[in-house]
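Trainee: Note that the protein sequences, when read in sequence, are chains A and B.
Counting from 1, one number per residue, gives the positions in the first sequence under our numbering.
Counting from 403, one number per residue, gives the positions in the second sequence under our numbering.
By construction, these hints were calculated from the structure, which means they are not laboratory data.
It cannot be assumed that every hint is accurate.
[What the hints assert, rightly or not] Now the stretches of chain B that chain A is said to cover, found in silico as 3 or more residues with beta-carbon under 8 Å:
| hint | stretch |
| --- | --- |
| 1 | 407-417 |
| 2 | 527-537 |
| 3 | 578-587 |
| 4 | 620-630 |
| 5 | 637-648 |
| 6 | 787-799 |
| 7 | 848-858 |
[As the list claims (entries may be wrong)] Calculated Cβ distances over 10 Å to all of chain A for the following chain B residues:
| hint | residue |
| --- | --- |
| 8 | 479 |
| 9 | 549 |
| 10 | 574 |
| 11 | 687 |
| 12 | 719 |
| 13 | 813 |
| 14 | 828 |
Here the structure is a predicted model, which is why all the values come from computation and not from measurement.
Note that the Cβ used here is the ideal one computed from N, Cα and C, for glycine as well.
One letter stands for each residue in the lines below.
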Amino acid sequence: MSDKPNISSLSRTRFVKNAAARVKAVAKASGDEPKALDDYAANRIVAALHPHVQHLKIAEIIEHGPDMKSFLLEPDRTKGTERLAWFSAGQYLSIHLEVGGASLNRPYSIASSSRDALNGRYRITVKRVEGGVASGYMLDHWQVGGSVLASAPLGEFTYEPLRDAKTVIGVAGGSGITPFRSFAKAIFEGDEDFELVLLYGSRTIGDAVFSDEIAEMAASCPKIRLVNVLSEQKKRGCEHGFITAELIRKYAPEGEYSIFLCGPQAMYRFVDKEIESLGVRRKFVRHELFGEYFHPEQNGDYKGDINAEYTVTVRVAGEEYRIPCRADTTLLRAMEAAGIAAPSDCRSGRCGWCRSQLLAGEVYVPESVDGRRYADKEYGYIHPCCTFPLGDVTIDVPPMGC
Amino acid sequence: MKKYDVIVVGAGNGGLVAAATTAKAGYRTLLLEKHNLPGGCATSFVRGRFEFEPSLHELCSESTHEASRSTSRIFADLGADVPLYFENELFRVIARGEDGYDVTLPAGEAAFVDAMENIVPGCRASVQALFDLNREFDEAQLYMDGGAMNPSVLMDKYGDFVRACGHSVDELFDALGMPEKAQDIIKTYWSYLGVPTDDLNAMHYISLLCAYVEGRPSMPYHRSHELSLALAKAVQGFGGEIRYNTEVTRFLYDVDGAAIGVIAGGETILAKKVISNIIPNNVVNRSYGKRLPASMKKLVNARKLGLTFITIYLGLDCTMQELGVKDYSVFVLGDKNSRAQFDARGEFGMYIVNCLNRPLPESSPEGTCTLFFTLPFMPEDFPEELKPEEYKKFKNGIARKYIEDYEKLMGLSILPHIEEIAVATPVTFARYLGTPGGEIYGYASTEWDNVVNRTVFKDLENRIKNLYFCGGHSIRGDGFPSGYITGEMAALDAIRDLKEGK
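Using the sequences and the accompanying hints, generate a full structural model.
Mentor: So this is what it looks like as structure tokens:
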């Protein structure tokens, strides 16, 4: 025997014994059905937090003037949704609509609190968008008792205690108030823990939906502060003008603070410039979804003919459709108009749910909304919600799924 | 109704390779995936300006000892060309407590053996013996791959291979007389196979260790999503069809119990062969029980679910230099013993922290870096009574605890730099992989259920005609290469049976 370390002391037949042990272990195991997924705690949480769809019913409609309504939604047990999914304040629902042959999904922030969801209610607030097919349909046709098909709660416009500062300056414009109502209510009810200073921009106090309600919560909860910022009205107790760097500085705490923005694109453009002069670190500035992208031709790198109209060949679930798409229209909108049920949630290039394969043709994706994975760009995958055709294109789109 | 030669269920690593392989062989192949992306664990996700790697630490793809079964050979055969970065360092391991250690090990057999001798004088011969054993394993496997295997030849000529096949890592290392400290350090990789070394098959572990040491750890430049897209492209390039957002809800059998197809997305789809990349538990639960052999349910019930993880993904608004991080991969051990590390799950038994910017500086935007924490967890560790509304606090609590621990250990300031954070738990893995309890590693490797036994019993048990399994739950256990390799094996089995008309 050499001195070289060796394993000759180990038995050569042990693996045979292990094999016999296997036969024995299998023989004495139960022959019943294995545990179902629902029998595992982690899978139950998945089912509760991330249902494939939520079947809802309109329980109540609250009017906020001629062009804005809140819809209170409850689970539709007759269709299998027993309870509403819990969410983090700031998240949205993607609402599915079938309107005159078009198949649409639209994201709406949940304006109610997560605690309300436990009690069987979501609230979404819809404002009429000029020329908007979805908002018009919801405002004009949704009735109490009607059915609504919604996604699970989605989105990353949430307060993250390990990331965000203890104080959040909320910058809300118009109907961008809805997630902040949810934040305020969640703080009020003890489900979120941070200081919210809400700068709420409206034209007049009459336009400031939810202002009274939030003020009322603020009155009894020191973590919430509301500042109405009115652009077209001077009113005692309110700021006058726009949400500027100076105004943010006036209400900001000493030290670090986060800024959360939700409002129209014009507000982002204005306030983002203002924020630059504040020297706030990038990590402390969070935006809600940008929303639909319009006017790609205004970008320097756009080389297409914006007045052209192209043909998009869409393959989905083994079918093939040929549909028109104007150069200024995203592939997603063209599919929706043609009644093709294509997946989409955020409609802002971020969430990736509309991810599809570009099989042929050239497209334009504005850089600021290009939320694709690196390899997706390399291998020819696109997010149709922010992709414009530069010629005839062929795409392969996954079906909507469950 | 469209009829296929092969339906592959699940576009994980195994499913992608299986579908590409059958499509390449000219069979009409349909790959069905419930998610809207291929890859399963091999994917990526975007938060803000960061794109995170969700699972891959490193491939041991260029393993020389089983080059015929390496990831790179499989990718090359399928024309899936993904450039890889090769790393010269294996890992840094910090063991706490009395007689703790903090060492960094290099790749390359000679360098590794030298480094170990430096750290634990006198261990050289026993460490060198591991590599010599591994060469015998290669020869034994070549012999077995050759077909006409004679058990007595195997016993006599490849005795050490047979010995290693029947023993645990602890038993084998003890037999070699390896000093305890050297053993502890060399066992660091146990979590890559999911069970502590007293339960871990020695042959399996030594193969893995040598694959990393000799082949060097490697990784794609643009997250493992890149690997999956290259394979998806191969599937399509060979004429295979991939359908996303299409979950298989039912496996179908004929009266004799042979698989004949599936129901997916509400549609009945038939095929001559079905290859499942999803775990047998889910296949059984989606089959009419009477059509399955009772032994299959028994086998599923006898086995123990494998490891899952809690993972923390951080996008930081400073560079790794500013942060003070120097290493790619750091194993932090609460105890030197792997069983104790495993038992102290959730209490710093062991965790791994990776900084991808070390090997791949451009893996996050300029002025930033990412950290990736991996904590072993078992499906049964997940709190049974946790309410959905408590879940976010639960996961953030664990994340804070581990980040603060690492800050303290390494003298770093991480929390103030967090620009993006995502915390994945068994819930996340259950959601995206659809596995019971969110398991990732398939079935736990045990004395009677490890790569050796599984290989021995592959064609003896669990056989349902026309149904084949690949992926982490199949014979080789977890890991990217195992997924790819078993995907190819399942496809080759199916092709063989198609050719023979079986």
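Trainee: Hint by hint, note whether the structure agrees.
Mentor: How the hints compare with the structure:
no.: 1; hint: 407-417; verdict: violated (count 0)
no.: 2; hint: 527-537; verdict: holds (count 4)
no.: 3; hint: 578-587; verdict: holds (count 3)
no.: 4; hint: 620-630; verdict: holds (count 4)
no.: 5; hint: 637-648; verdict: holds (count 4)
no.: 6; hint: 787-799; verdict: holds (count 7)
no.: 7; hint: 848-858; verdict: holds (count 7)
no.: 8; hint: 479; verdict: 19 Å, holds
no.: 9; hint: 549; verdict: 20 Å, holds
no.: 10; hint: 574; verdict: 6 Å, violated
no.: 11; hint: 687; verdict: 6 Å, violated
no.: 12; hint: 719; verdict: 5 Å, violated
no.: 13; hint: 813; verdict: 20 Å, holds
no.: 14; hint: 828; verdict: 4 Å, violated
Hints 1, 10, 11, 12 and 14, counting from the list given before, are not met by this structure.
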